[in-house]
Structures are given as structure tokens and as C-alpha cells.
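Undergrad: For reference, the chains in residue letters:
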Amino acid sequence: MNHVVGISEMKISNKPGDVLVTYSLGSCVGLSLYDPVAGVGALLHSMLPLSKIDRAKAEARPFMFVDTGVPQMLQTVFDFGAQRSRLIANVAGCASLLDDKKLFKIGERNYTVLRKILWKNNILIAAEDVGGTISRTMHVYMADGRTTIKSGGKERELV
Amino acid sequence: MSLREVIISATRKVPAIPTAAARVSTVLQDPDVNISALSRAIEHDPALAANVLRIANSIYFSGPRTVGTIKEAIMRLGTSRVFGLTLASAIAPVAGVAIKGYDLKPGELWQHSVSSAVCVDQLIETLALEAPKYTFTAALLHDIGKIVLGTFVEVDAAPIMDLAFKEGMPFEEAEMRVLGISHPEVGAILLENWNLPKIVVDAVRWHQQPDEYEGDTDQMIIDLVHAADALSLIGGIGTGSDGLNYRVSKVVADRLGLNNAIAETVVMKMLDGLEEVKELFGEDWGR
Numbered sequence: 108m109n110h111v112v113g114i115s116e117m118k119i120s121n122k123p124g125d126v127l128v129t130y131s132l133g134s135c136v137g138l139s140l141y142d143p144v145a146g147v148g149a150l151l152h153s154m155l156p157l158s159k160i161d162r163a164k165a166e167a168r169p170f171m172f173v174d175t176g177v178p179q180m181l182q183t184v185f186d187f188g189a190q191r192s193r194l195i196a197n198v199a200g201c202a203s204l205l206d207d208k209k210l211f212k213i214g215e216r217n218y219t220v221l222r223k224i225l226w227k228n229n230i231l232i233a234a235e236d237v238g239g240t241i242s243r244t245m246h247v248y249m250a251d252g253r254t255t256i257k258s259g260g261k262e263r264e265l266v
Numbered sequence: 712m713s714l715r716e717v718i719i720s721a722t723r724k725v726p727a728i729p730t731a732a733a734r735v736s737t738v739l740q741d742p743d744v745n746i747s748a749l750s751r752a753i754e755h756d757p758a759l760a761a762n763v764l765r766i767a768n769s770i771y772f773s774g775p776r777t778v779g780t781i782k783e784a785i786m787r788l789g790t791s792r793v794f795g796l797t798l799a800s801a802i803a804p805v806a807g808v809a810i811k812g813y814d815l816k817p818g819e820l821w822q823h824s825v826s827s828a829v830c831v832d833q834l835i836e837t838l839a840l841e842a843p844k845y846t847f848t849a850a851l852l853h854d855i856g857k858i859v860l861g862t863f864v865e866v867d868a869a870p871i872m873d874l875a876f877k878e879g880m881p882f883e884e885a886e887m888r889v890l891g892i893s894h895p896e897v898g899a900i901l902l903e904n905w906n907l908p909k910i911v912v913d914a915v916r917w918h919q920q921p922d923e924y925e926g927d928t929d930q931m932i933i934d935l936v937h938a939a940d941a942l943s944l945i946g947g948i949g950t951g952s953d954g955l956n957y958r959v960s961k962v963v964a965d966r967l968g969l970n971n972a973i974a975e976t977v978v979m980k981m982l983d984g985l986e987e988v989k990e991l992f993g994e995d996w997g998r
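Protein sequences appear in the order of chains A and B. Sequential numbering from 108 applies to the first sequence in our numbering. Sequential numbering from 712 applies to the second sequence in our numbering.
With the rest of the complex left out, here is chain B (with noise of 0.2 Å):
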């Protein structure tokens, strides 16, 4: 087996999502989606719909006004925000843990991934963009693959490091030569698995390549994502050996009509809502 095919079967080792966040997923891409089926597939787990309630309440989601029901934080959130919450509560105990082949202490990986989401958040209202479906659920995934390549199979980081730090070659593009797949792939390998839609699988592959992605999805979403990314980096929020060495596209940065001023302003509206979320984080984010 070539070392790519051993990772791509380390996709299988990664523990499922729970059923029931399985089952807010199936819930949710039935065209004809209702809240009540919805709130109950969250309410089969009391677990989850706690933690759902929970984040729903934290003051970056709900504003002073407490959610009191599952029903309720749908109807608050929108059905797209509460398949990102009911995402998050289910990986978080995958994500949270360290990922050794990255340099990542625990933590470290949930918090780059809420806080990507909490930019994406921040550059949709900024830019005033009509934003597809499920683009909070996508950057809050991005780097799954990260998991898999750091924890599953525990990669030699050391002749990746290399390509990247002592020739320039982005951080993905090096993984791809030494592992013969990159982390966004094995990520969207992974979703798949998972049975997630096809749009978030395609926002996670293509997020660091938003140049070549050829295919019908909304194009958007793999620019948001891409965008959300490089300026969480900037932030430096949650960043393992891998660092800011990723290639940021003007292309994108054109389409969405962004520079570096609102980058700025994004940047500070991300930390500000990093604040109003810690919920998601436990008690040292930013630690």
C-alpha cells in the first residue's frame, strides 16, 4: 500500500459523528426540512441538545435574550447555523485533542477552527455578501484532515517541514509530495465518509487551491473559507509548525472585494467574537 492509500484508510479509524449529529445532517438536507423534525433528531440526544443549547446561549449566537428550547434556538440561529453547533459539539472531543505530527498542543486545532468560523462570520457581514448555506459549518472543518494526518497516522512532520520552511513551497503542496495527499483532501475524505453535503466537502478540499476548483459548487464558499483561514493565521490562532506558510490567492481576495483595511477590521471583529464565544472553547482559548 502506497502511503497515501494507508492514510485514506486511517479515514475509517477516525471515530464516527455521533448518530445523532448524523441524523441532524440527514434531517437537514431533505429539501423539505422542518423545524420540528430537526429539533427532535437534536433532542435524541440529550447530550447534544444541551451543548446545542448552551453554545446557542453564548453571547456571540443569541445576543442578552436566553434560548430556552431546541425549537427556539433554531428559529433564533436558522437551521445552517444550528448543523454548524450541532457539528461543533459533536468533533469537539475529536478536535480537542493534541495533534502530534503538527505541533499542535490540545486545543489547538478547535480553537484555529472556531475561530475560521467565527471570521467567516465576521467577513460575511463586513463584505455584505450573500453567503451560500453551510459556509460557517465548512471553515469550522477545514482542517480536519489534520486530525487524520496527525493523530491516525502521526506523520513524520520533519521532510514536510523542509519543502516548506527551506524552499517556499506552501504547506499543502509539500504534504502532497511527501505524503502523496494533502490535508484538505484527507479531510474531505473524511466528511464524506461522515455523509455531509457535498458543498461542505468541496469547501474543505478546496480551500487552500480556491484558484483550481473546477465544479458547479458556489464557488463563494470555497473563498470564504480559503479567506477565513488566512486571516486566522494572521491572528495566529491556533497555528502549528505549519505556521502561516500557505499561499494566500489575490484572485479570491478580488472576488470578495477584500484588502488588507477590512482585513484589519475583520481581524478585530474575529477576536471580539472569539471573546463572546468562549463557550466553545473550554476555559484557556487564546492559551
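Just chain A, same shape as in the assembly (with noise of 0.2 Å):
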């Protein structure tokens, strides 16, 4: 079954047959992380870098945002009967604007602010796909844990 992961949102699955999906991420950060041998896999959302512009809005929306985003994600996967030592991570989005100006770094801020959260915890990221100017769609497959990544029509895996 198709669980599609809003903008905001984080979902997680132990079921082989499951596929985490989500769709158009521009600046935004999506973050997968499975465990093979548990077999759970979680898939977060994200927006924007930092909860300091609204901590109202993330004790609502947690997964709004990178800095209280991912931890939540990780609680969730631990709950889940995950292990830190067996956790592969993979990374896509964070794309930005034809924009040499520098004007806004959403997306570049929000990959150096999840960079910064998963070294903190002793994760590495196994595989990426981040930056430029292209939307990106990112599937996670629970069978495997295979991650997908689709844009302007062709699908690739993020190895």
C-alpha cells in the first residue's frame, strides 16, 4: 500500500508490502531512514530549517520543521523496534531558485540544519540527492528499503 507523506508530515511502516511516497519537494528536505533488519522505515517532510521563527507552530507541526522534525523521526523509528547502529539515511530536496544573489537559502539551511541533527546522533547519510534547481518526488520501498527519487519523468535509485 501507497502512504503518501504530506508537507509537514512523517510516516513509518514495518509492513513489506508498504511504499512511502512524497511528492514535489522543492526546498523542502525529505528524509528517509530503515533499518533492514528490523524492518521498519520511516519517511519525514519537511519545510523549513528552524522552529525559532514559531515554537507554537512546532509544538503543533513538529515535522514542519528540520530541527524538531528529525528528532521526533528518530524517537518514532527507536519505538518501532529500530537500532541507531543499522539506521541508513538517505537525503533529497533542497533544491533553490535560479538565485546567485543568495536571496533566500531555505533550501541550502535546510540541509546544512539536518546535516548538523544527524551527525549530533551518529548517523551518517548512506545516499543523497540535494540541490539544483528540480523538484524531486521520493519513494521508499519497505520490501528493501530501496529509495527512489523521480524528476522531470525518469526515476532513479538513490544509491
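Please keep in mind that the hints were generated in silico from the structure rather than gathered at the bench. Just so it is clear, the structure is predicted and the values come from calculations on it, not from any experiment. A couple of the hints might just be wrong.
Facing chain B, from chain A, some residues (calculated, C-beta under 7 Å) [said to hold, decoys possible]:
1. 133
2. 238
3. 241
4. 242
5. 264
Simulated crosslink set (BS3-like; lysine-lysine; CA at most 27 Å straight-line) [said to hold, decoys possible]:
6. B:961 with A:209
7. A:122 with A:257
8. A:122 with A:159
9. A:159 with A:227
10. A:209 with B:877
11. B:980 with A:164
12. A:261 with B:961
Just a sample of chain A residues kept apart from chain B, beta carbon distances all over 12 Å, derived [as the list claims (entries may be wrong)]:
13. 192
14. 230
15. 263
Here a beta-carbon is modelled for each residue, glycine too, at the ideal position from N, C-alpha and C.
Combine both chains into one complex, guided by the hints.
TA: The following block contains the structure:
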């Protein structure tokens, strides 16, 4: 079954037949975590880097922000039996406009904050497809953790 | 006929907006417009009236109090907003189709339109601007030219995408190079055919080249549509094969007083606004 992860949402599964999908990642960041032994996987779609711009919002919708969404996602996968040392992390999104003056840095900042939080949590990024000016759709197949990125009508595996 | 001429003639193939919506447009362009005449024009089409009421009653537009009549809707929301809602209701079926040439699934262009319109509202509020009339409408219609290019002409996007992504050319310039016309220009021609106000036509025509406009239309509407489009793309709402491959203008950002911190706030508010305006999207917006 396909489970759609909307903007500022996170979904988790441990059913091999499930596919987690999030559409049109612009400057937003998509993070997938998968534990092949526990068969647990999750997909997060965060829109903004830091929750300090609206703490109340972060309380209500923690997955909107990278700094509140990632810790909560980690807690959820651990609650489902995943182990930190086995987690495979894949990242996509963080695109930007053609913006040589760097007016809007949301994509770049999402990526920086994400890397920092994963690093603090001792999780290495296994594969990523980030930056540029493309919009991406991310699929995570629960059967084997395979993660694909679709953009401009073409789909490729993230390895 | 050149490709450009083929495309321009294809704007005639797009179904005209319903008579009632066209009448609303005409009524509103009368400087002495009165609320009764406007509500009559809307009520003339019961389906349109029902839609306007339904949308006006979404949390986003009306808050907790229910609006029962078109007259109340106009008094609550103002004529300019009602015009936007009327057009929204009228073009939703056209904008809701898949746009093949741009790899947009059914509803995605519509989502991008609505998110840009919601975003323009949030920009105006956050930056405390006195925005020109019809700014919401122009934001809603800014990419309507893609319907013509992607559906009625079904352009082959491959050479456009090569220029855009391999050579880093802004998408509308790549369209211009390959097709002899860009989607903002096509959209403006379409809206001119529909007799929409010149300020809306100009905002749609120049939203990707705001620095190049030389005319007497209020520059602020062009700037606001440019910025709202940019932030809506950053949010990834209804983005197609063109992705985020558009240039953002520093001149516009400076004129509006827009920086990264404000942009983050506006993007957040846009997402909230979209939650409240789900009625415009149908079931599965953002999907």
C-alpha cells in the first residue's frame, strides 16, 4: 500500500508491502530512515530549517521544521524497534531557485541543519540527491529499503 | 505558420470562462460598480454562486461566521477578492487537468495557482503593504499559459529542459528560445481574450521578468506575483518539470523589503493558509 507523506508530515511502516512516498520536494527536505533487520522505515518531509521562528507551531506540527522533526522521527523509529547503528539514512530535496544573490536560502539551510542533527545523532547519510533547481518525488520501498527519486519524468535509485 | 503563431492561435481553443464569470469581470470594470449588480451577475449562474459561497465560507476567507448570501460574501470579502473567487471557481475545471508537456499531474497546476494566491496574501500581510486591486487574482492566474502550452499544443518539453537544466537558462527564456513564446506571454494573451483587466494581464505577462517591465501598470502587482510564485516554488507546491528553474529578482526583493527570514515566515503561513483553503483543492491537495 502507498502511504503519502504530505508537507510537514512523517510516516512510518514495518509492512514489507508498503511504499512511503512524498511528492514535489522543492526547497523542502525529504529524509528516509530504514533498518533492514527490523524492517522498519520512515519518511519525513520538512519545510523549514529551524523552529525558532514559531515555537507554538513547532509544538503543534513538529515535522514542519528540521530541528524538531528529525529528533521526533528518530524517537518514533526507535519505538518501532529500529536500532541506531543499523539505520540507513537517505536525503533528497533542498533545491533552490536560480538565485545567484542568495536571497532565499531555505533549501541550503534545510540541508545544513539536517546534516548537523544527523551528525549529532551519530547517523551518517548513506546517499543523497540534493540541491540544483529540480523538484523531486521520493519513494521508499519497505520490502528492502530501496529509495528512488523521480524528477522530470525520470526515476532513479538512490545509492 | 511559425510555432509562435500556432501557439497563439491555440489560445482560442481554450474554453472561454463561463458567461457569468465574464459578466462579473465586466461589472467590476465599471467604475460605478455596485454590490447589487455584482451579486446579480454571480447569482445568474447557480453553480457559480454555490461555489463562491462554499469557498467564501472556508476558514481562510471568512473565519468562523458563516456567509449566507452572495451580497454578504461581497461585503465580507470585498469586490476584488470575490472576483478572484469567481474566476477560481470558473477556471478550476480547466486548471485541474494534467498538463502533459510540463509533467504536471491532474490538480498540480491548480495547487500551484492557489498556493501562489494564498502566498501573495501572506506577503501583503507580513510586509504590511497596500497592494493593488486584483493582486490575488493575478497570482491565481499567473501560470495559466502552461495550460495552453502543455495541453492544447502539447509542446515537447525535452529541448526546453535541456536548455534550462544543462545550460542553467531560466525556464521561460528557454521556452522563448525553443517555442518563440513563453508561458507568461501565452497566459497574458489568453487573459486578454477573456477581457480581464489590464493590470491582471500585465502582472501575468511580466511575473518572470519584473525588472524589464516599462509601462504604467502598478509595478507592485508584478513584484508581488513574482515573489509569491518564487516562494510557492520553494515550498514545492505543484512544481512540474520546470522545477525551481526560475530566476528570482533581487530588485523585487529589495523593493518589497523581502529577505530570507521573512520568506521563511511567509512560506510557513502559506502552508497554514493552504490547510484552511482545502475547499479549493478538493480531496488530496499537496499530494
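Undergrad: So, for every hint listed, does it hold in this structure?
TA: Status of the hints after comparison with the structure:
At a threshold of 7 Å, the smallest CB-CB gap from residue 133 of chain A to chain B is about 3 Å, leaving the interface hint in force. Hint status for residue 238 of chain A relative to chain B: violated, with the closest Cβ pair at about 11 Å, above 7 Å. A least Cβ separation of about 4 Å between residue 241 of chain A and chain B falls short of the 7 Å threshold, and the interface hint therefore holds. Taking 7 Å as the C-beta contact cut-off toward chain B, the hint placing residue 242 of chain A at the interface holds, the least distance being around 4 Å.
Hint status for residue 264 of chain A relative to chain B: violated, with the closest Cβ pair at about 20 Å, above 7 Å. A hinted pair counts as satisfied when its Cα atoms are at most 27 Å apart, and residue 961 of chain B with residue 209 of chain A qualifies at roughly 9 Å. Note on residue 122 of chain A and residue 257 of chain A: the hinted pairing holds, with a Cα-Cα distance of about 23 Å set against a maximum of 27 Å. For the proposed pair residue 122 of chain A and residue 159 of chain A, the alpha carbon gap of about 35 Å is over 27 Å, so the pair is violated.
Restraint check for residue 159 of chain A and residue 227 of chain A: satisfied, since their Cα atoms lie roughly 19 Å apart, inside the 27 Å limit. At roughly 20 Å between alpha-carbon atoms, residue 209 of chain A and residue 877 of chain B fall within 27 Å of each other, so this suggested pair holds. Between residue 980 of chain B and residue 164 of chain A the CA atoms are separated by roughly 10 Å; this keeps the pair inside 27 Å, and the hint holds. Distance hint between residue 261 of chain A and residue 961 of chain B is unfulfilled; the C-alpha atoms sit about 32 Å from each other, more than 27 Å.
Every Cβ of chain B is farther than 12 Å from the Cβ of residue 192 of chain A; the closest lies at roughly 32 Å, confirming the non-interface assignment. With a cut of 12 Å on Cβ distances, residue 230 of chain A stays outside the contact zone with chain B, its closest approach being about 24 Å. With a minimum CB-CB distance of about 15 Å to chain B, residue 263 of chain A clears the 12 Å threshold, and the non-interface call stands.
Violated hints, in rising order: 2, 5, 8, 12; the structure is consistent with all others.
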